[in-house]
Amino acid sequence: MTTPTEMLVEPSRKSAGQRAVTTILTSRESAIALVLILVIGAATLNTHSFLFSSDSWRDLLLAPSILLLLAVGQAVVIITRSVDLSVGSTLALTAYLTGRLFVDNPGIPVIVVFLIGIAAGGVLGLINGLLVALGKVPALVITLGTMYIYRGVVLEWAGSDRINAADMPKSFLSLGTKTILSIPVLTIIAVAVLVAVGYYLRTARGGRELYAIGSDPDAANLYGLNVRTRVIGAFVLCGALAGLAGVVYAARYGTISSSAGTGIELQAVGAAVIGGVAIFGGSGTVWGAAIGAWLLITINRALPILGVQDFWQRAVVGALIIAAIVLDRVLAVRRSRKLIEARDAS
Amino acid sequence: MTTTDTPRTQSARTYPSYAKSLWQRVLLTREFAVIALLLIVFFYSRNQIPNFDGPLTIYYLLLDVAPILLIALPMTLIIITGEIDLSVASTVGLSSVLVGDLHQGGMSIPMAALVAILVGVLCGAFNGFLIAYVGLPSLAVTIGTLALYRGLGVGILGTTAVTDFPEKWTDLAKDRIGDSSYPVIVIPILVLIIVFVLLLHFTPFGRGVFDIGLNDEAAHFSGVNVARTKFLLFVMAGAVSAFAGIYFTLRFGSARGDNATGMELQVIAAVLLGGVSIFGGRGALHGVLAGVLLIGVLQSALRLDDVSANVINIIIGLLLIASVMSTSFLSFVARTTAGMKRRATEGSPERQQASAHHEGNNS
Numbered sequence: 001m002t003t004p005t006e007m008l009v010e011p012s013r014k015s016a017g018q019r020a021v022t023t024i025l026t027s028r029e030s031a032i033a034l035v036l037i038l039v040i041g042a043a044t045l046n047t048h049s050f051l052f053s054s055d056s057w058r059d060l061l062l063a064p065s066i067l068l069l070l071a072v073g074q075a076v077v078i079i080t081r082s083v084d085l086s087v088g089s090t091l092a093l094t095a096y097l098t099g100r101l102f103v104d105n106p107g108i109p110v111i112v113v114f115l116i117g118i119a120a121g122g123v124l125g126l127i128n129g130l131l132v133a134l135g136k137v138p139a140l141v142i143t144l145g146t147m148y149i150y151r152g153v154v155l156e157w158a159g160s161d162r163i164n165a166a167d168m169p170k171s172f173l174s175l176g177t178k179t180i181l182s183i184p185v186l187t188i189i190a191v192a193v194l195v196a197v198g199y200y201l202r203t204a205r206g207g208r209e210l211y212a213i214g215s216d217p218d219a220a221n222l223y224g225l226n227v228r229t230r231v232i233g234a235f236v237l238c239g240a241l242a243g244l245a246g247v248v249y250a251a252r253y254g255t256i257s258s259s260a261g262t263g264i265e266l267q268a269v270g271a272a273v274i275g276g277v278a279i280f281g282g283s284g285t286v287w288g289a290a291i292g293a294w295l296l297i298t299i300n301r302a303l304p305i306l307g308v309q310d311f312w313q314r315a316v317v318g319a320l321i322i323a324a325i326v327l328d329r330v331l332a333v334r335r336s337r338k339l340i341e342a343r344d345a346s
Numbered sequence: 347m348t349t350t351d352t353p354r355t356q357s358a359r360t361y362p363s364y365a366k367s368l369w370q371r372v373l374l375t376r377e378f379a380v381i382a383l384l385l386i387v388f389f390y391s392r393n394q395i396p397n398f399d400g401p402l403t404i405y406y407l408l409l410d411v412a413p414i415l416l417i418a419l420p421m422t423l424i425i426i427t428g429e430i431d432l433s434v435a436s437t438v439g440l441s442s443v444l445v446g447d448l449h450q451g452g453m454s455i456p457m458a459a460l461v462a463i464l465v466g467v468l469c470g471a472f473n474g475f476l477i478a479y480v481g482l483p484s485l486a487v488t489i490g491t492l493a494l495y496r497g498l499g500v501g502i503l504g505t506t507a508v509t510d511f512p513e514k515w516t517d518l519a520k521d522r523i524g525d526s527s528y529p530v531i532v533i534p535i536l537v538l539i540i541v542f543v544l545l546l547h548f549t550p551f552g553r554g555v556f557d558i559g560l561n562d563e564a565a566h567f568s569g570v571n572v573a574r575t576k577f578l579l580f581v582m583a584g585a586v587s588a589f590a591g592i593y594f595t596l597r598f599g600s601a602r603g604d605n606a607t608g609m610e611l612q613v614i615a616a617v618l619l620g621g622v623s624i625f626g627g628r629g630a631l632h633g634v635l636a637g638v639l640l641i642g643v644l645q646s647a648l649r650l651d652d653v654s655a656n657v658i659n660i661i662i663g664l665l666l667i668a669s670v671m672s673t674s675f676l677s678f679v680a681r682t683t684a685g686m687k688r689r690a691t692e693g694s695p696e697r698q699q700a701s702a703h704h705e706g707n708n709s
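Heads up: the protein sequence lines correspond to chains A and B, in order. Counting in the working numbering, the first sequence runs from 1 upward without gaps. Counting in the working numbering, the second sequence runs from 347 upward without gaps.
Keep in mind that the hints are not guaranteed to be accurate.
Said to hold, decoys possible - Pairwise CB distance ranges (calculated):
hint: 1; chain 1: B; residue 1: 479; chain 2: A; residue 2: 306; range: 25 to 35 angstroms
hint: 2; chain 1: B; residue 1: 679; chain 2: A; residue 2: 183; range: 48 to 58 angstroms
hint: 3; chain 1: B; residue 1: 375; chain 2: A; residue 2: 108; range: 51 to 61 angstroms
As the list claims (entries may be wrong) - Beyond 12 angstroms from chain A on every Cβ pair, some chain B residues (computed):
hint: 4; residue: 394
hint: 5; residue: 395
hint: 6; residue: 630
Unchecked claim - Coverage of chain A stretches by chain B, computed from C-beta distances (three or more under 8 angstroms per stretch; other residues unrestricted):
hint: 7; segment: 135–142
hint: 8; segment: 268–277
Just so you know, these hints were derived from the structure itself, not from any lab. Each residue gets a CB set at the ideal place from its N, CA and C atoms; glycine is no exception.
The shape of chain A in the complex, shown without the other chains (with noise of 0.2 angstroms):
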């Protein structure tokens, strides 16, 4: 952020405290937030074991992680205004990958399957990054391309094979239930892994350049920002993070099909985008796409309990990503009317 000699709107005069309170009260991911609230509350008040058995609890939390990680690494991408569709594909890879280094390592530790796991999917996140950045092609198509390759890899690969729970050891699929203080291990890393990535995009220099890229790719270029480099970092993020899905997935569900994760990019970009991510770059944060993908999965398992069919989820998954374009449209017509109105009153 530079400081232009005149400035359209004065620096605000309130004290820190105030202002963290107003951006608490009118930020994006704070009413996204509200909304995930208000359906925990009313599945709650419908049948109190939503909340207040422990399964439920921890389905609460262990559900959103997978779509969590995904839309992490899927908000870091679009905020420099591509878009990766290849992570569904990626997810598929190396759950599958997973599978099978337990299958021909037996005793093989669980933390080295997690490191393959990611270095795998930061490779076929570099794929891509190196393709976009290096072949000047949008990154729609360059992912929907791989994405097709990457399925059809796995596909070859697994063919009609199936890896059961019983092919993995106990230690690994214990991660998947087991729990630190009622909170699932599984979720924790996601958290760890979403504290960790908001606050690089925050406060590191890396991260303010992403912003910078998104928000105008020539300009950032012509300030001397590395684009290709930050682009390519970017997508090698999204991979990885899609990787860590994958074993996370493995982990939890303990059946891996060369069908794992087909149809979840577009969730991953639905999350982003509830979660006020801008499709074309340059604003949004990583909390809000993941108090996104935990609305997203906390309503399908809400409506059966609200009395409505679980048929109907996906339309009103399709409704809640129109209503948050259109609310974003609103607030942002709203916001240059004020600043034109702050530059013609001065």
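Starting from the known structure of chain A, fit chain B onto it as the hints suggest.
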């Protein structure tokens, strides 16, 4: 939406279209590269793959490829304006469900089909209204309606499927024209192809479509009704998708909420393979038709050759990437050779403007 810089050296040149002779302009294009590839694959398969030249191959190929071919027509126009429609497959699913549900409720097939097409028009109009008049990004809107329309379809029928359709109509969907090996669906496809080719390549409306893709503000100031054009294109996409949904239902004799899931990406892959630029402003329907048929021929050839069907995914992906990368690779080669020539003659520094960055379609 995407990373930025497509090299658009054309803007630096004055009249690139007339710099080459006619045959070069017609034959050395992306479209003809795809057509040539299609012919090569087709004749190779005929000679090398047993049973490929049997009478059933063409018949099933056309039956299978028909929905994608139909939807690719309006999708081409939409992508040329720089927008995208991800909700088409969900509209197919919704119209399939409507035909099944209304028929089960006692409506005749033509009436149910009419209602389904009207609903398809409404679906398209909703997309078009949000994108053209409210001004929302099409990628985000149609990801939303992708879920919405699919959700409505799945919501109406649940997990049940309607399968009792009168044989008269299911047979019609699979019927052949006379004794030839062409299915009847070819007739409406041909009609629509002619309509869309005329619309895109031979009317002011079509020129407007290209103008919007190149620069929608300039198009607006030169008298193109940008919002109305986009709106109409989405309505067309909705109507054609609904028609494809009716065909899909009758051909397989089954109306289910999850019919044609994932078809939107197949359609977009075929359109892009056919040489349409995702940034808009560039593309032609003959390339798209070749792109769709290329995927269809590859699919049936691989199936007959006993190659596992999964390889087709890899091949489609590789073709897609190769086809888009070839453009930037060729323009990279052209730029470097042009730069070397200029430096050799003038010794002046390379012009930065030549590689002017083109912003993605952030309308």
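Query raised in the report: Checking against the hints above, which ones are violated?
Result: none
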